[in-house]
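S.K.: Starting from the known structure of chain G, fit chain Y onto it as the hints suggest.
Top line first, the protein sequences correspond to chains G and Y. Here the first sequence stands for residues 11 to 365, numbered as in this note's numbering. Here the second sequence stands for residues 11 to 365, numbered as in this note's numbering.
Read the hints as simulated data drawn from the structure, not as lab findings. Mixed in with the good hints, there may be bad ones.
Taking CB as the label site, the calculated pair distances span [as the list claims (entries may be wrong)]:
(1) 336/G - 84/Y: 42 to 48 Å
(2) 293/Y - 42/G: 43 to 49 Å
(3) 188/Y - 152/G: 55 to 61 Å
(4) 357/Y - 84/G: 54 to 60 Å
No farther apart than 25 Å at their CA atoms in a straight line, the calculated lysine-lysine pairs in the BS3-like style are these [stated by the list, open to error]:
(5) 350/Y - 189/Y
(6) 189/G - 350/G
(7) 293/G - 361/Y
(8) 186/G - 350/G
(9) 361/G - 293/Y
(10) 350/Y - 361/Y
Partner residues are not named here, just some residues of chain G that face chain Y (Cβ under 7 Å, in silico) [to be verified]:
(11) 320
(12) 324
(13) 337
(14) 341
(15) 342
(16) 345
Bear in mind the structure is a predicted one, so any value in this text is a computation, not a measurement. Ideal Cβ positions, reconstructed from N, Cα and C, are used throughout, including at glycine.
2 protein chains.
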Amino acid sequence: MYAVIMAGGVGTRLWPRSRRNMPKQFLDIVTENTMLQETFLRIEPLVPPEKVFVITNGTCAPLVWEQIPWLPRDNVIVEPAGRNTAPCIGLAALYLRQLDPEEVMVVLPADHLIREAALFREILRVVATVAQDGYLVTMGIQPDSPHTGYGYIQRGDFLRQIGQHSVYKVARFTEKPDKATARRFLDSGQYYWNSGMFGWKVSAILEAIGVHLPALHAQLMTIEAALGSPREREVMGEVWQEVESISVDYGVMERADNVAVIPVDVGWSDVGSWATVAELLPKDAEDNVVVGEHIGFDTTGSLLYSSGRLVATIGLRDMVVVDTGDVVLVCPRARAQEVKDLVGELKRRRKDEYL
Amino acid sequence: MYAVIMAGGVGTRLWPRSRRNMPKQFLDIVTENTMLQETFLRIEPLVPPEKVFVITNGTCAPLVWEQIPWLPRDNVIVEPAGRNTAPCIGLAALYLRQLDPEEVMVVLPADHLIREAALFREILRVVATVAQDGYLVTMGIQPDSPHTGYGYIQRGDFLRQIGQHSVYKVARFTEKPDKATARRFLDSGQYYWNSGMFGWKVSAILEAIGVHLPALHAQLMTIEAALGSPREREVMGEVWQEVESISVDYGVMERADNVAVIPVDVGWSDVGSWATVAELLPKDAEDNVVVGEHIGFDTTGSLLYSSGRLVATIGLRDMVVVDTGDVVLVCPRARAQEVKDLVGELKRRRKDEYL
Numbered sequence: 011m012y013a014v015i016m017a018g019g020v021g022t023r024l025w026p027r028s029r030r031n032m033p034k035q036f037l038d039i040v041t042e043n044t045m046l047q048e049t050f051l052r053i054e055p056l057v058p059p060e061k062v063f064v065i066t067n068g069t070c071a072p073l074v075w076e077q078i079p080w081l082p083r084d085n086v087i088v089e090p091a092g093r094n095t096a097p098c099i100g101l102a103a104l105y106l107r108q109l110d111p112e113e114v115m116v117v118l119p120a121d122h123l124i125r126e127a128a129l130f131r132e133i134l135r136v137v138a139t140v141a142q143d144g145y146l147v148t149m150g151i152q153p154d155s156p157h158t159g160y161g162y163i164q165r166g167d168f169l170r171q172i173g174q175h176s177v178y179k180v181a182r183f184t185e186k187p188d189k190a191t192a193r194r195f196l197d198s199g200q201y202y203w204n205s206g207m208f209g210w211k212v213s214a215i216l217e218a219i220g221v222h223l224p225a226l227h228a229q230l231m232t233i234e235a236a237l238g239s240p241r242e243r244e245v246m247g248e249v250w251q252e253v254e255s256i257s258v259d260y261g262v263m264e265r266a267d268n269v270a271v272i273p274v275d276v277g278w279s280d281v282g283s284w285a286t287v288a289e290l291l292p293k294d295a296e297d298n299v300v301v302g303e304h305i306g307f308d309t310t311g312s313l314l315y316s317s318g319r320l321v322a323t324i325g326l327r328d329m330v331v332v333d334t335g336d337v338v339l340v341c342p343r344a345r346a347q348e349v350k351d352l353v354g355e356l357k358r359r360r361k362d363e364y365l
Numbered sequence: 011m012y013a014v015i016m017a018g019g020v021g022t023r024l025w026p027r028s029r030r031n032m033p034k035q036f037l038d039i040v041t042e043n044t045m046l047q048e049t050f051l052r053i054e055p056l057v058p059p060e061k062v063f064v065i066t067n068g069t070c071a072p073l074v075w076e077q078i079p080w081l082p083r084d085n086v087i088v089e090p091a092g093r094n095t096a097p098c099i100g101l102a103a104l105y106l107r108q109l110d111p112e113e114v115m116v117v118l119p120a121d122h123l124i125r126e127a128a129l130f131r132e133i134l135r136v137v138a139t140v141a142q143d144g145y146l147v148t149m150g151i152q153p154d155s156p157h158t159g160y161g162y163i164q165r166g167d168f169l170r171q172i173g174q175h176s177v178y179k180v181a182r183f184t185e186k187p188d189k190a191t192a193r194r195f196l197d198s199g200q201y202y203w204n205s206g207m208f209g210w211k212v213s214a215i216l217e218a219i220g221v222h223l224p225a226l227h228a229q230l231m232t233i234e235a236a237l238g239s240p241r242e243r244e245v246m247g248e249v250w251q252e253v254e255s256i257s258v259d260y261g262v263m264e265r266a267d268n269v270a271v272i273p274v275d276v277g278w279s280d281v282g283s284w285a286t287v288a289e290l291l292p293k294d295a296e297d298n299v300v301v302g303e304h305i306g307f308d309t310t311g312s313l314l315y316s317s318g319r320l321v322a323t324i325g326l327r328d329m330v331v332v333d334t335g336d337v338v339l340v341c342p343r344a345r346a347q348e349v350k351d352l353v354g355e356l357k358r359r360r361k362d363e364y365l
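If we strip away everything but chain G, and leave its shape as in the complex, we get (with noise of 0.2 Å):
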């Protein structure tokens, strides 16, 4: 199988550690190696490195070099502009079609904590399995809270067992609901959090792109016609300006009918939020996740995270506390989404050096 690893993001929800010219993927905020490295190399031994694709912009490119130089330079596909999960996977695919295009790709964003890879090989193996048969496979991540800030799979009919894992037709997707709704879906016991891994033959996903998506299908042709000539870049250049930004779980997956599910427990996390990072760092006594050098006082439940810097508290609860070189943030964990908008705010201030 082919794996793609989605590394266009920006990861805003981690500013300031997460910043334009180095996203979230290239850090290593609650790993040793950095994100991009942990996807890499927790499928390494199934996947070996010429079978793998990084897809990025092109500030980021080097960087997925400078990390993984044991990948073929040519693996790294450099999409001229972020246009969302379905024009990146649709490009990609047209990579992999000049390979093999009855080959099943995997793809995976490079910015996901797994913390049993063992089991997340076998699972992909299982993805393969589904996926050869001509399904647009998903993984669905089995919730323990009901979580908002995600969308949701629910299951419809079984429909084969693989060894330890199940599998299902989707019933349907849902957008990020409202907490009520929220809790209803993990009651239910049907439903799974939409983690944007997915599985299919290449085929398949430019097939169903061309019944979905029919404009991107037609603008990926164009490029596709350009590949391997001296105008491939300045083609995809001027297509890319036309492309319309769409996932492709609003723009494939919740539309075609040949959907399977397979539930996975992982111990995924997509390290969302500076919040998320003070649930996945050991504590200390005092409740206290400390990356850095702290001194306080009566502070507890909180995140002080330095970069270099002593963070001095006194009577801090649940608070957030995070020291880059040039920037410093403190609010609530309990807002720490609120972050994203904060990044917002600074772009329409035109404050790039802060982006």
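M.R.: Coordinates of chain Y only, in the frame set by chain G:
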């Protein structure tokens, strides 16, 4: 008259900006010039540089020369070590006695803010007049709140009127009161905050030290015998090891009976903590005081003080964030006094680089 500016304090409550090697009085936290410079410039129309003496420690003496280059170099008196105000003032008096023992010396901390400089100079003239009569004169700050962080002075009998200014005998000095007592003091109209600003004849304070602190007086006499000799620094160093730390308030003023108080209302502040800084500096529309660059959502009543970095905040109420080159401090405004305890803890842990 002579002016003695005491510049040997450490200002730990304004840590992390105030540091052992760069204490509060050498910083420009609430004013354009440093507090030492402001103290000097405030009295300059009244006291020429050759009659101004600055007493400080060996570490900080170069800062005095740097910040007040037009001060005669010999007018910086270097204390071998901090021993609170009584020894400090006694030492300064030794030097002044050599010049003119019957002249008045006013004693001014280098780290106080006084908004009304002209009125203050007028009061210093009143202080000098009363001091010429042999009184130990203290300036009592007209209180505007039941502050529990200051000592209080209760006025006694009316002594005399000089222009707009009433002069009273002192009935009694009191230590920092609890809230109820402070409220009672304020309501009575008979109490003033002890500002630590004094005036007396050189001979009068040395005489009072002789009566009330005879051990210190004897130690000072040992030093005086060596002044101007090659052994001056050596003798002073040896004697100073034995000198007891004691404040002039406790050691002399509370015990003497020729003590007068002049109530003053000159826009005084000791800039005693970051909470005070937040009160002194102008507020923005969200009731925040911002120094440096700040971006925030739903942040009010807070001090956001940066020495270069962007401070980014969400959901802060009445907080203090102070960012310096190597430290970031976060605490509620109401607990800003405890910063000195943090510094004490750093000292205990021998984290000298942060002191």
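S.K.: For the hint 54 to 60 Å, verify it against the beta carbon of residue 357/Y and that of residue 84/G.
M.R.: Given about 59 Å between the Cβ atoms, the range holds.
S.K.: For residue 350/Y and residue 189/Y, compute the direct alpha-carbon distance and say whether it is at most 25 Å.
M.R.: holds, 21 Å
S.K.: Tell me if the straight-line CA distance from residue 293/G to residue 361/Y falls inside 25 Å.
M.R.: holds, 23 Å
S.K.: Would the pair residue 189/G and residue 350/G pass a check requiring their Cα atoms to be no farther apart than 25 Å?
M.R.: holds, 21 Å
S.K.: Classify the hint on residue 345/G as holds or violated, based on whether any CB of chain Y lies nearer than 7 Å to its CB.
M.R.: Holds, about 5 Å.
S.K.: Mind checking the CB of residue 337/G against every CB in chain Y and telling me if the closest is under 7 Å?
M.R.: holds, 5 Å
S.K.: Holds or violated: the hint that residue 320/G contacts chain Y, with Cβ atoms closer than 7 Å.
M.R.: holds, 5 Å
S.K.: Mind checking the hinted window 42 to 48 Å against the Cβ distance between residue 336/G and residue 84/Y?
M.R.: Taking Cβ atoms as reference, residue 336/G and residue 84/Y lie about 45 Å apart, which means the hint holds.
S.K.: Quick check on the hint: residue 341/G CB to chain Y CB, less than 7 Å?
M.R.: holds, 4 Å
S.K.: Look at the Cβ atoms of residue 293/Y and residue 42/G and judge whether their distance stays inside 43 to 49 Å.
M.R.: Hint holds: Cβ distance 45 Å, inside 43 to 49 Å.
S.K.: For the restraint on residue 324/G, tell me whether the closest CB of chain Y is nearer than 7 Å.
M.R.: holds, 4 Å
S.K.: Checking one constraint from the list: CA of residue 186/G to CA of residue 350/G, max 25 Å. Satisfied?
M.R.: holds, 17 Å
The earlier numbered hints are all upheld by this structure, with none contradicted.
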